[in-house]
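**Q** Listed below are the residues making up each chain.
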Amino acid sequence: MPPLLDVRDIRTEFVTHDGVVRAVNGVSLHVDAGETLGIVGESGSGKSVSMLSVMRLIPQPPGRIVSGQVLFRGEDLLSLDDEATRRIRGTQIGMVFQDPMTFLNPVLTIGRQITETLEEHLGLDKSQARERALELLELVGIPVAHGRLDDYPHQFSGGMRQRAMIAMALCCNPSLLIADEPTTALDVTIQAQIIELVKRLRRDTGMAVIWITHDLGIIAGLADRVNVMYAGYVVETARVEELYANPRHPYTQGLLGSLPRLDARERRELASIGGVPPDMVNLPAGCPFAPRCAYGVDRCAEENPTLRPVAGDDHRIACWRDISSKGKAL
Amino acid sequence: MTGSPPQPRPGYPDSDALVRVEDLRMYFPITRGLILSRHIGDIKAVDGVSFVIRRGETLGLVGESGCGKTTAGRAVIRLYQPTSGKVTFEGQDLGGLSGAALRQMRRRMQMIFQDPYASLNPRMTIGSILAEPLVVHRVVPSQQIRERVEELLSVVGLNPYFASRYPHEFSGGQRQRIGIARALSVEPSFIVCDEPISALDVSIQAQIINLLVKLQAELGLTYLFIAHDLAVVRHISTRIAVMYLGKIVELADRNQLYENPLHPYTQALLSAVPIPDPALEVQRTRIVLTGDVPSPANPPPGCRFNTRCPVAVPQCYQEEPPFGDLGQDHWAACWRLVS
Numbered sequence: 001m002p003p004l005l006d007v008r009d010i011r012t013e014f015v016t017h018d019g020v021v022r023a024v025n026g027v028s029l030h031v032d033a034g035e036t037l038g039i040v041g042e043s044g045s046g047k048s049v050s051m052l053s054v055m056r057l058i059p060q061p062p063g064r065i066v067s068g069q070v071l072f073r074g075e076d077l078l079s080l081d082d083e084a085t086r087r088i089r090g091t092q093i094g095m096v097f098q099d100p101m102t103f104l105n106p107v108l109t110i111g112r113q114i115t116e117t118l119e120e121h122l123g124l125d126k127s128q129a130r131e132r133a134l135e136l137l138e139l140v141g142i143p144v145a146h147g148r149l150d151d152y153p154h155q156f157s158g159g160m161r162q163r164a165m166i167a168m169a170l171c172c173n174p175s176l177l178i179a180d181e182p183t184t185a186l187d188v189t190i191q192a193q194i195i196e197l198v199k200r201l202r203r204d205t206g207m208a209v210i211w212i213t214h215d216l217g218i219i220a221g222l223a224d225r226v227n228v229m230y231a232g233y234v235v236e237t238a239r240v241e242e243l244y245a246n247p248r249h250p251y252t253q254g255l256l257g258s259l260p261r262l263d264a265r266e267r268r269e270l271a272s273i274g275g276v277p278p279d280m281v282n283l284p285a286g287c288p289f290a291p292r293c294a295y296g297v298d299r300c301a302e303e304n305p306t307l308r309p310v311a312g313d314d315h316r317i318a319c320w321r322d323i324s325s326k327g328k329a330l
Numbered sequence: 001m002t003g004s005p006p007q008p009r010p011g012y013p014d015s016d017a018l019v020r021v022e023d024l025r026m027y028f029p030i031t032r033g034l035i036l037s038r039h040i041g042d043i044k045a046v047d048g049v050s051f052v053i054r055r056g057e058t059l060g061l062v063g064e065s066g067c068g069k070t071t072a073g074r075a076v077i078r079l080y081q082p083t084s085g086k087v088t089f090e091g092q093d094l095g096g097l098s099g100a101a102l103r104q105m106r107r108r109m110q111m112i113f114q115d116p117y118a119s120l121n122p123r124m125t126i127g128s129i130l131a132e133p134l135v136v137h138r139v140v141p142s143q144q145i146r147e148r149v150e151e152l153l154s155v156v157g158l159n160p161y162f163a164s165r166y167p168h169e170f171s172g173g174q175r176q177r178i179g180i181a182r183a184l185s186v187e188p189s190f191i192v193c194d195e196p197i198s199a200l201d202v203s204i205q206a207q208i209i210n211l212l213v214k215l216q217a218e219l220g221l222t223y224l225f226i227a228h229d230l231a232v233v234r235h236i237s238t239r240i241a242v243m244y245l246g247k248i249v250e251l252a253d254r255n256q257l258y259e260n261p262l263h264p265y266t267q268a269l270l271s272a273v274p275i276p277d278p279a280l281e282v283q284r285t286r287i288v289l290t291g292d293v294p295s296p297a298n299p300p301p302g303c304r305f306n307t308r309c310p311v312a313v314p315q316c317y318q319e320e321p322p323f324g325d326l327g328q329d330h331w332a333a334c335w336r337l338v339s
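So the protein lines, in turn, are chains A and B. Following our numbering, the numbering of the first sequence begins with 1 at its first residue and continues without gaps. Following our numbering, the numbering of the second sequence begins with 1 at its first residue and continues without gaps.
Calculated from the structure, these hints are not laboratory results. If you're wondering where the values come from, they're calculated on a predicted model, not measured in any experiment. Don't take every hint at face value.
As the list claims (entries may be wrong) - Derived EDC-like pairs (lysine to aspartate or glutamate); straight-line CA-CA distance at most 20 Å: (1) K214(B) x E57(B); (2) K214(B) x E269(A); (3) K126(A) x D99(A); (4) K214(B) x E266(A); (5) K199(A) x D215(A); (6) K199(A) x E281(B); (7) K199(A) x E266(A); (8) K199(A) x E135(A); (9) K126(A) x D151(A).
Stated by the list, open to error - A few chain A residues facing chain B, derived, Cβ under 7 Å: (10) P153; (11) S157; (12) C172; (13) D187; (14) V188; (15) T189; (16) Q193; (17) L197; (18) L201; (19) E241; (20) E242; (21) L259; (22) R261; (23) E266; (24) L270; (25) V281.
All C-beta atoms in this analysis are idealised placements derived from N, C-alpha and C, irrespective of residue type, glycine included.
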């Protein structure tokens, strides 16, 4: 069976005063129906931009999608006209963002923002839409939902707004939910509420999820597969257990080693990654991680490696060398 | 157990206490009306906290946004004039100080701020940012200032040659190093670190944490480390205090707190933190709290956690629980723990 979403070699750039920012440099990924893919990376790694490109939500200009294909159920989203894209965004793919306040319209009630989508995409009449909106708010766990339909976004707390945004993303029963750092702005107890909510919805509706985050902890408990991104490239991809147990790319190893753990009894020195992420305008010619890499060889500075399988077909790294998690070259 | 409600006061003798905080309160007035502004209430950001910070230790202060942890940190070093309560630093009551005497004390207590972009003056070079406290506090004679600035830069792992550059030329992690160098410039014994790594990328966070740990060991510093990331706090702290809605609900040694949390809020908070280990994550049971934190302008009567507590009993809605030592220097404020 072909994957639900099949992204092939997508490249996205932004033209700025300082030059062309090469935000996404040939990202390929796929998501099967019902599966959860985690995308991990630091700020500027291209994780959000790659997904915004998939949704064709890149402001053009200054951005432009240079090349690539986004096959959703076999149909290339990048070749559709605006109306057809809008239809798919509204009914098949839901998206949740980090900051609900920039997404929600401050002068429309929460209820109206949900019913608008329902009327537009599902052709419901006003009272049906309102009834469905109420169901949705209850589904995402907003207490006394009937009393909150006529509230404005500013009357909601941060966690409640995030729930409302999830309700809007779910309103047309999407088969794919793209969540872009939906819990980053939230407190940890509220974050736990949202994660449990998405897990429950995923179980109940069978939707696939792409969860973008910088937090390797969240991904560990949520994803089936993980893509690690650096400087606009996917540098490692593996099933979640495999990635954490046996990271093979020096960057992934560095990230995992640099995290203090909640369950660590003894204090050890954290393995920090030296240096800083690269300038996306002047990316190095070779591997973008080479300037910070402890295992670099001459070839790394000259040629940029592409993803290749290292352990089964599922576990791939973009690295000339193969560093086991013990730090020895294999 | 100590004392009877409602006065929590852990006045335990601590001969090695560098900082002693007793029943500290910090209220911010809410006013209405532009011309004849009337005082209609208070945001009780910090509402009666007591703790000591021992010489050479790191006291972690954790809690969610709005719990009052930053306000507490600022009130401790008198960046705010507290509403009430007492802060003693090296045996001296900070409340009674003003002017030159307070400035003298400020040399001993410094702060590292959360936002490395907002806390450095964009119009000053790094050299003049670091020289300013040296001049104000007359730390070194003027002909040695330049040398001292270069030394400070190398202590925090930056090239001394950066002194002539401006803040915008630096990354977030480098700026945070500059903030640390500025705090160190006056040779303090106590530093309040207010979320020093929250604005940084994951791979840079570890660099700053390692630097803070190294500096503490080399210079014998005492830290009050304020953060919301519980894994980071466990890593860096000696003891940890958990705040909720203006109060400390639990305080214990780092391993004691994480392995044997007593307060239901601490238990929920710890269970909510994801651990980067898929095998472990599937086994964990999560205590998911319902609802949101109430407003600090109008905290609920009784225990402040009663609106979200999964194990509350009737007494929790009526009386505030005392903050007491439950043995082994493990303090908590919960009626369920009072035998």
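**Q** When the hints from earlier in the document are held up against this structure, which numbers fail?
**A** 3, 7, 10, 12, 17, 18, 20, 23 and 25
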